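Chains as they are written, first to last, in the numbering used here: chain A, 318 to 695; chain B, 318 to 695; chain C, 318 to 695; chain D, 318 to 695.
The set of hints was computed from the structure by calculation and includes no laboratory data.
Where hints are given, some of them may not hold.
Since the list gives no way to pick one copy over another, a pair counts as held whenever it fits inside one copy or between any two copies.
Unchecked claim - Derived DSS-like pairs: lysine-lysine, alpha-carbon spacing no greater than 25 angstroms straight-line:
#1 Lys361 <-> Lys442
#2 Lys324 <-> Lys354
#3 Lys442 <-> Lys501
#4 Lys638 <-> Lys361
#5 Lys361 <-> Lys486
None of these values were measured; they are calculated from a predicted model.
Below, each chain spelled out in residue letters.
4 protein chains.
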Amino acid sequence: MGVPQFKEIHRAYGFDEISIVPGPVTVNPDQVDPSFKLGSLTLKIPFLASAMDAVVGPRFAVLMHQMGGLGVMNLEGLQTRYDNAEDVLERIRKASQEEATPLLQKLYAAPLKEELIGRRVREIKEQGAVCAVSITPQNTKRFAPLAVEAGADIIVVQSTVTTARHVSKSYRGLIFSEFMEAMKVPVIVGNCATYDAARELMETGIDGVLVGVGPGAACTTREVVGVGVPQVTATLDCAAAREEYFHRTGRYVAVITDGGMRTGGDICKAIVSGADAVMLGTTFAQTEEAPGRGYNWGMATSHLELPRGTRVTVGTQGTLKQILYGPTSVTNGTQNLVNALKVGMGMLGAFTIRDFQQAELTFAPAIKTEGKHYQLGF
Amino acid sequence: MGVPQFKEIHRAYGFDEISIVPGPVTVNPDQVDPSFKLGSLTLKIPFLASAMDAVVGPRFAVLMHQMGGLGVMNLEGLQTRYDNAEDVLERIRKASQEEATPLLQKLYAAPLKEELIGRRVREIKEQGAVCAVSITPQNTKRFAPLAVEAGADIIVVQSTVTTARHVSKSYRGLIFSEFMEAMKVPVIVGNCATYDAARELMETGIDGVLVGVGPGAACTTREVVGVGVPQVTATLDCAAAREEYFHRTGRYVAVITDGGMRTGGDICKAIVSGADAVMLGTTFAQTEEAPGRGYNWGMATSHLELPRGTRVTVGTQGTLKQILYGPTSVTNGTQNLVNALKVGMGMLGAFTIRDFQQAELTFAPAIKTEGKHYQLGF
Amino acid sequence: MGVPQFKEIHRAYGFDEISIVPGPVTVNPDQVDPSFKLGSLTLKIPFLASAMDAVVGPRFAVLMHQMGGLGVMNLEGLQTRYDNAEDVLERIRKASQEEATPLLQKLYAAPLKEELIGRRVREIKEQGAVCAVSITPQNTKRFAPLAVEAGADIIVVQSTVTTARHVSKSYRGLIFSEFMEAMKVPVIVGNCATYDAARELMETGIDGVLVGVGPGAACTTREVVGVGVPQVTATLDCAAAREEYFHRTGRYVAVITDGGMRTGGDICKAIVSGADAVMLGTTFAQTEEAPGRGYNWGMATSHLELPRGTRVTVGTQGTLKQILYGPTSVTNGTQNLVNALKVGMGMLGAFTIRDFQQAELTFAPAIKTEGKHYQLGF
Amino acid sequence: MGVPQFKEIHRAYGFDEISIVPGPVTVNPDQVDPSFKLGSLTLKIPFLASAMDAVVGPRFAVLMHQMGGLGVMNLEGLQTRYDNAEDVLERIRKASQEEATPLLQKLYAAPLKEELIGRRVREIKEQGAVCAVSITPQNTKRFAPLAVEAGADIIVVQSTVTTARHVSKSYRGLIFSEFMEAMKVPVIVGNCATYDAARELMETGIDGVLVGVGPGAACTTREVVGVGVPQVTATLDCAAAREEYFHRTGRYVAVITDGGMRTGGDICKAIVSGADAVMLGTTFAQTEEAPGRGYNWGMATSHLELPRGTRVTVGTQGTLKQILYGPTSVTNGTQNLVNALKVGMGMLGAFTIRDFQQAELTFAPAIKTEGKHYQLGF
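My request is simple: use the sequences and hints to build the entire structure.
Below, the structure is given as structure tokens:
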């Protein structure tokens, strides 16, 4: 308004606001390859399951491997606090809605047992599956070596916001560059949501970043502390950092969009925004095989004084196989996700995920209009 | 934000977001001419009915002709799978909601009978009507000559996204330029939604393009694979390709907006966005004479692994004559569409569709506001 | 997107999307003067009542005059079709909802009686009130002289879209410049919504323009033919035309925003957008003294083939005096409108309407957010 | 649109439309300091309670002090009209909804008793608390000296819109520069919402500005007179004025965002927008200790002819201690506000409020989309 500005504000985009623009070439879906590479590992499909107790236990991790994806097991949840995690999960599932919160608060107050780390890793490895585990930055130096020694193939270092520069007086912060020198397996770090934060993490030598901080307007992080970036913009910015880093160093760091996706359309949009893979929580919590059996609850490592332990009912939508590969009878895009991805790639003439990242996006918000609905696009 | 960008995102517009700006000249509606030319054919009104089994059969095609428009018959639906398509349609209409999906899946699994192509075309031609038929790219080389031989006047080659360059290993893609050399009747191809795709198709010698890929936020294509362009922007972009091609070559290729329109207002906006004609599905499915009799269902040629066969209730709003020419007692713009178009043209001082395309558009979103409604503009 | 554009699309604004920005000076409301000048006439308050049968009859026109505003009487409605219009109004008010539409259609089919024009004008003049009458362009040359002869002070020429250049073969269009030469009283013409249309009308010598074509998303004009401009942008554009014309010619043509306003806030915004006065329909239809007594219905002169005659219940909110001057117990801004205007002017440091037009506007849409409401700004 | 513009319109932002962008550094929340300085006073937490009778009485002011914040007492409300304000508050709380409005109108019509000013101030000071009182501009010259004499530490001069230049014929306007010369305690003035108005006020020598005029779309000011600026933009603009003034003069004037905040997220956003502190009304009205006990009502000093005296039910959410410091079991961000602020500061690597003001904001509107909700960001 002709006066000095305190700061500039740019537009950020979420999945519901953008759309993929079809191009001038198409490819038959049976010719596309949606595989995802991380270090020397290759996943047939670029799908990761979130490190949540209601989503990934040893058995689900094995199943994800068999389906071509990757389940990440939380090393600071129930699996490493209780010898018999299965019984504990059963108690949570059986609790009434009123009992659930105090029960969760009590169960997650139990101490971590370091000896269980190796046992859980081996339960996955013994089934011939790739094993990925998640640790918070505070515990990484202590737990990561134990997991790797037991055979873990991938270490995920994860908290709400993880930066290459953390200031703390209560513990000596994790120095990623030092940590990376010691690690012999691929390391994924997150979450981050911006160009600068992603690039600083990449400089430390890590192999992948998880993208996603308060992606949705209803996210707890966004409500409680006002912090968050819609996922399309977060992914675009971290992908821009990857490109810059790749062109400068020749090293390709994977960008994995984590959270906010519900449909095949959202997953396609994440990849066109620059992601190499996606991490899904609720979607996998809704499979019949998920440990939550229709329930989900937040990560154990929430902020000290802010609420935790809310159990939500997510319901069960089908087997993991159906969710990923169909067949499906629903038309809202929440099932048959791998085929949706392949059809989307075909529509854009993309043979690979890297090709698909080159597609164009348009800003086309799904604004609710006054008493009027779009005709279905038969 | 001062950092490199992975890609740029531009705004795309849908019907509910824009409005036609009145100009400094007006014309009496009785002096406007909304006719539409395609090759040597002229339609009195620029209205096409979608190639869906619930919308266009031979009888409805004849009726559309009598009303001045054009019904496009699907050559890969029930009409060419069953000798007595009328009986089959009756079974679908009589099925309960639970029976409908398995019934549709079964009925559309029946093989196409090439001998029925000629018969259906003749049923239309014998009534003196213009005959337009729709074929998927895969079957075009085989079916189009049969249809033309039987008398078809217009060939429509249609799939969700059709490009001049399709890569396939399972069949040799249709080469439009080769195909056009052999064809003696006008060919319309679609759907497309962008400048580049439309221009490449125009270069092959086709006579019209159908515009519309995932136009609405609730479209299956948009939900399942994230691909789509709101119709105003898609039409504007394809119209820009037409203008560029026309100025360069002197050949005028028709732009036909397909899908997403519900009211006379939407139709007027499509034309001001650059369309020469519009193709409507649900609107015509809602006429008393439509084969669906108040039901509608998706095209038979859906993606292999994604759901198909959902029957939706669209209801019946009146006769085709009433929908097109009134009289009407509803004020929401869904009836009396031809007069609405003529009144709109008059308000903008447009004698022809080509004049109407020159009107100005404004971005005026119908955002739902907090507990407040606009006063009616009496 | 790097390709040629078919046309540019600019943003247009409605009342709910903008807000008036307070400035660095304030004035006590008791020092502001909201009067409105039109030719040699001065209204104490810049409020006009719409030329609708449910709003303005001779008695209401007199009452509006006594309150400091102006009621415009429709010369082509019931008042000039029936000797005893009061009885006819009573029949409409007493009709059941089902009877209303056919009754309205029948009543408005009665012929206009030219002899009633003078009688209605005199009914207003005999009470010492300023008399303004509304005529459609088709009938202006015939009716305007009759009205003026009987004493009418202001002629309003009004249709949905009125331009200085209208093409018709059924009647010789009204040539405003010729008409203006013959007229000795101020003439207001509308409706228009753009810079060019307003300027062309001003060039013909008229004294005021009515601004408003399909202002709201739910307007019939917008739904049925897709034509419309949100009122803030329409007013800004017509005000820009007035300024250009005023600076060039020294003649000041009034800009009157017509339609779409419900609250004092909307009225203030219309004036800050450049209006000199506002015309309200529903607001006055809701007064106890309005002929509609809680009902309202559209203008008799609707489009030939499009629906007309819908009666809507608007309810009664209070006396005209209460609506304009309070006191009020409602806090939603729909009552005590004159005081709201004066308080708004004071907050902006504006002594006159012309001062108030200089205030700044900001785009601050009232988007409905997810399950969250703003705290009241006590 | 290629034609002259009457005025430019810029985008303004509210809390629901923006989000804080995480940066490349994080800090442990136990290391951040959210204190707020005003003159020689330091508040442990940057929270002020609004000068409303339902929020701050002498007892609540003392409690706010004990909690580290500041309650501002209205010197023109019930506390200075009635010897026994407690009884009067009890009558308001016990009134039925129908009785409430006339009761409030009657109670606030009682005359102000100057002798009560000193008594109320002393009630606060005797408990060892910092005492801040609010006065309207009209009464400031008369009441402020009385309050200061009795020991008041901070004077707040407040009306809906307060400018350095007010024109009035009914009383000689307050000249802030003269007033400031006489005052020996810090003075906060408001409300304002723009760069120019804030800078002019700062030039007069005041110590803080309250920011907020019609911040929300549902605000009475916005509805009734159309005036208002969304809080993020208002805060950004006033903060820009503070920076300009600070760089030019070396004197730092506090910017206090007043109104429109409900959650910890909103409070964090206000500070990142440039605020040094926040003033909350409804939030504190909802504490068990608030004089309104679950009710709230508008300021006594409303506009003469516009409605006042509406009592609204806000409910009780917990003790002041719980609202500020937790623990909480709700996850919507409305409780545990101080910890939310500290966690937010930590996530952005901010040691102080001044650091936190440097964070980046993004425009990420929480648009309600069609039948689709974001997955929770676990």
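Cross-check of the supplied hints:
1. For the homomeric pair lysine 361 and lysine 442, the shortest alpha-carbon distance inside one copy (18 angstroms) is at most 25 angstroms, but the shortest distance between copies (53 angstroms) is not.
2. For the identical chains of this complex, lysine 324 and lysine 354 are inter-copy neighbours only, at 23 angstroms across copies versus 39 angstroms inside a copy, given an alpha-carbon limit of 25 angstroms.
3. Only within a single protomer do lysine 442 and lysine 501 lie at most 25 angstroms apart by alpha-carbon distance; the minimum there is 17 angstroms, versus 65 angstroms between protomers.
4. Taking identical chains as interchangeable, the C-alpha atoms of lysine 638 and lysine 361 lie at most 25 angstroms apart only when both belong to the same chain, with a minimum of 14 angstroms there against 53 angstroms between chains.
5. For a Cα distance limit of 25 angstroms, the shortest separation of lysine 361 from lysine 486 across copies, 21 angstroms, qualifies, whereas the shortest one inside one copy, 43 angstroms, does not.
The earlier numbered hints are all upheld by this structure, with none contradicted.
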